[in-house]
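S.K.: Below are the chains, spelled out letter by letter.
Number of protein chains: 2
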Amino acid sequence: MDIAERPINFTRGVPAEETFPLDLLAECAASAIRGSHAQQVMQYGPSLGFSPLREWLANKHDVPTDHVMLANGSLQFLDFIGLGVLQRGDRVLVESPTYDRTLTLLRRHGLQIGGIPLQDDGPDLAALEAVLGQEVPKLMYVIPDFQNPSGATMSLAKRERLVALARRYDVRLLEDAPYRPLRYRGTQLPALFDLAPERTLYMSSFTKQISPGVRVGYLLGEPAMLKKLAKVAEDTYITPNLVGAAAVYEFCQRGYLDNQLKSLRTLYSERMDVLCTTLRELLPSAKWIEPDGGFFLSITLAEGTTNEALRKNAAALQLNLSDGRGFFPVPSDGERFLRLPFCALTPDEIREGVRRLAQAVQQTSNQPVGAV
Amino acid sequence: MDIAERPINFTRGVPAEETFPLDLLAECAASAIRGSHAQQVMQYGPSLGFSPLREWLANKHDVPTDHVMLANGSLQFLDFIGLGVLQRGDRVLVESPTYDRTLTLLRRHGLQIGGIPLQDDGPDLAALEAVLGQEVPKLMYVIPDFQNPSGATMSLAKRERLVALARRYDVRLLEDAPYRPLRYRGTQLPALFDLAPERTLYMSSFTKQISPGVRVGYLLGEPAMLKKLAKVAEDTYITPNLVGAAAVYEFCQRGYLDNQLKSLRTLYSERMDVLCTTLRELLPSAKWIEPDGGFFLSITLAEGTTNEALRKNAAALQLNLSDGRGFFPVPSDGERFLRLPFCALTPDEIREGVRRLAQAVQQTSNQPVGAV
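Residue numbers (this note's numbering), protein chains in the order written: chain A, 949 to 1320; chain B, 949 to 1320.
By construction, these hints were calculated from the structure, which means they are not laboratory data.
Treat each hint with caution, since some may be false.
Intra- or inter-copy, both count: the list cannot distinguish identical chains.
What the hints assert, rightly or not - Straight line, CA to CA, 27 Å or less: simulated DSS-like cross-link-like pairs of lysine-lysine:
| no. | residue 1 | residue 2 |
| --- | --- | --- |
| 1 | Lys-1260 | Lys-1179 |
| 2 | Lys-1260 | Lys-1175 |
| 3 | Lys-1176 | Lys-1106 |
| 4 | Lys-1260 | Lys-1086 |
| 5 | Lys-1179 | Lys-1235 |
| 6 | Lys-1086 | Lys-1106 |
| 7 | Lys-1235 | Lys-1106 |
| 8 | Lys-1106 | Lys-1179 |
| 9 | Lys-1179 | Lys-1008 |
| 10 | Lys-1235 | Lys-1086 |
| 11 | Lys-1176 | Lys-1210 |
Just so we're clear, the structure is a prediction, and the values are computed from it rather than from any experiment.
Input sequences plus hints: build the corresponding full structure.
M.R.: Written as structure tokens, this is what we have:
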């Protein structure tokens, strides 16, 4: 099918299918099941997860093994934190916008969600300080690197000040860092977990590094906290998936991960550049934060544009968009917000997608308000 | 180490390690990742789970594919049912005793748990009818085949009457059937799901059939109900583990499961027979239900024996026992109850374990009450 006739999805943040290391991972899965850890892979095990992978991660992050827990993807840790650490009615802060699935889980647990406006270099810390002066939350959830959905990266100065504030007001930090290994330019900044390991829970996963299908997420934190979460995990599913974790372990332990990340960075950074270039050319009125890595770039459209009208016009052009309101603690704040995940589209699809987007934006801004 | 010096565990119901089909499963996992479903195995997918395995199960159970959902083990369905179908404060009935992890999850969701006494041929339906006349529960959870922990199997007459009662009082049934393929004698009875598919949710898994480490459970039920649970699952972990599910699919689709089940039945039925024979010989005072399959036999000890005293005396003999009280909605009802999982012990270990148990029972009954 010609590209002009194909539907294009700027919707979910999924990896590009051509990046999955099928042959290597098949080899690793088979070795994991047949190899020296076979019984550990096949039998019920500790709810903290497959020990060899926990050890490998501990070594990589320079923490003791009892600081590492695995789960079936990292999202599930949020559920466990809601069950094992927080109480209904507790206050939790997030960046506004933030990852939509995090908001869903925080709401599931009856938590009060407060949003701190996001700026180009991370959350507005003056706004945060004003909030902390009024009510100290139990937890603050942040995505410092190549944030989902905005693409913003928190500056070093803000990381240091955020940690200082967290210490002064005794706030626990939950750092979600699945995109951190996917930096396409600039130099890596210290994680919040590096700066304040005593009060930070650090979540990541192999979903964006190897494949979602292995379903292996991990959490770094204090052993006392992990013990509570491990009890919740045991009550929920006894043992996390071991075949996937063991395959990932073999993959990492054989040294395949570095090459995999290198090729992901090459592929994705080109796609990000194409998106930025095409946006500048075809949609100069849109505002966005230029990402340094990750999966997402998000634009804010001109005043008067509504998400619903835009998505309807886009759909008529076979361009599927996510509702930007889903990323905001107060949904109406996202009326003009649009997330554009760029990793799973080819450069041609990105260019064609932006062309359709510019056309849909044009149509939407020509419509009288309330016409859709 | 000589068997007399080895610790013996009559604790958890785990499969025997020597039964894990390592080579076949390694072959299946590699094929799943490399084969024609590779992209479906590696990428995010529907929260209902890996479609080819859902189709295989649908065919096996003679239901449409939209009646099948997968999860990371079957326990997790209970959590999803608590989140997506029930409300805090709802009444749920269980057999007394029942699976301890079910009780933990029902309590997590703030449900009111009522216990129906278990008899040799299933729950006491006169007691159930009396309860139903007073308050109709939202759900009744039962394990009709080779019940955990008692080993009891519900008779055909009781299955039919239970279904008739459920229809009359409009009660939803949750049938937990992980041991059902492991019948060692007698003939298979219809599942509650066979008798009343419109009101039964049927849970099972490959944990006892292939391996816990694959973490693949499944649920059969009405599509409208599965749709609700799939939404909860998506919010929890997006997609269940796919590498494990795809390996299981390959294993089933290649016809390996039948042989695997045959060899499990041969191995485990011998172990069950050794346990029964040795109990009759060394512990004639104990009462138990003779199982026809599954993983468990449970004994009820003589009046005056307490779980805590017995476990302490047993531990001194290097015999580890579970606290029988954990299996009862009212824990004190399990004071003299002891679950003996027999699958993961060799015949010699079973004989030695029962020898130590008889000795511990003897010591405990000689102690004045309150001496421990």
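S.K.: With reference to the structure, classify each hint as holding or not holding.
M.R.: Going through the hints against the structure:
1. Lys-1260 to Lys-1179: Between copies only: 24 Å across, 46 Å inside.
2. Lys-1260 to Lys-1175: So Lys-1260 and Lys-1175 pass the 27 Å test across copies only (26 Å; inside, 48 Å).
3. Lys-1176 to Lys-1106: neither (30 Å within a copy, 41 Å between copies)
4. Lys-1260 to Lys-1086: neither (40 Å within a copy, 41 Å between copies)
5. Lys-1179 to Lys-1235: neither (45 Å within a copy, 34 Å between copies)
6. Lys-1086 to Lys-1106: within (20 Å within a copy, 51 Å between copies)
7. Lys-1235 to Lys-1106: within (22 Å within a copy, 68 Å between copies)
8. Lys-1106 to Lys-1179: Neither way: Lys-1106 and Lys-1179 sit 34 Å apart in one copy and 37 Å across, limit 27 Å.
9. Lys-1179 to Lys-1008: within (25 Å within a copy, 35 Å between copies)
10. Lys-1235 to Lys-1086: neither (33 Å within a copy, 52 Å between copies)
11. Lys-1176 to Lys-1210: neither (36 Å within a copy, 40 Å between copies)
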